[in-house]
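A.B. asks: Sequence:
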Amino acid sequence: MKNESGIIMIDKKYLIETNRKILERHKRKTNESVWIETTARIDDIIPKVNSVGNSDNREKDLIEKATTLLAMITWTQPFFDGNRRTGIVAATKFLRDNGYDLDMGVEKENLEIRNMLSELKKHSSELHVETMNKLSFYISKRIKPYEPRR
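Heads up, the working numbering is the position in the sequence shown plus 247, with the first residue counted as 1.
It should be emphasised that the hints constitute simulated quantities derived from the structure, not laboratory data. It cannot be assumed that every hint is accurate.
Computed list of lysine-lysine pairs in DSS-like fashion (alpha-carbon distance at most 25 Å, straight line) [to be verified]:
#: 1; residue 1: 391; residue 2: 340
#: 2; residue 1: 307; residue 2: 340
#: 3; residue 1: 340; residue 2: 388
#: 4; residue 1: 295; residue 2: 369
Please build the complete structure, drawing on both the sequences and the hints.
C.D. replies: In structure tokens:
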């Protein structure tokens with residue numbers, strides 16, 4: 248679904264389905280039990296993402312929306328498990344749908360983003376501004392125009 252500025256948005260159904268797939272994959276790989284549950288906090292995510300990134304600078308807006316999407320999923324914990332993984336996949340798909348790749352391939356960098364997301368979870372009353380700024384900077388340095396593989 249596109250918003251009025253032509254940005255392709257992610258919806259709640261996609262988030263729920265992505266989390267389900269992540270947890271089912273985890274179960275296949277580890278043979279551990281998984282609980283696929285969604286809390287009412289899921290309803291807080293999309294409105295918050297829609298409320299940011301409205302400057303008419305497309306790349307800046309996409310970074311702000313991707314940062315907020317990733318942070319909100321991690322911070323609100325709408326799923327029983329797999330929130331960080333779901334947030335990373337959702338932010339990556341959001342950027343890809345809008346013409347950008349998010350390059351997080353190196354394990355050290357993946358650990359860096361996981362640490363930032365863990366920091367967000369520690370602040371239960373609000374999204375931690377300093378960590379949000381770090382997360383936004385991290386994403387801004389790792390996006391590039393999407394080029395389909397041949």
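A.B. asks: Would you mind marking each hint as holding or not holding in the structure?
C.D. replies: So, going through the hints one by one against the coordinates:
Annotation: proposed proximity of residue 391 to residue 340 holds, straight-line Cα distance about 13 Å (limit 25 Å). Restraint check: the Cα-Cα separation between residue 307 and residue 340 comes to about 17 Å, which is no more than 25 Å; the hinted pair holds. Straight-line distance between C-alpha atoms of residue 340 and residue 388 comes to about 17 Å, which keeps the hinted pair within the 25 Å bound. Among the hinted pairs, residue 295 with residue 369 is consistent with the structure: their alpha-carbon atoms are about 19 Å apart, no more than 25 Å.
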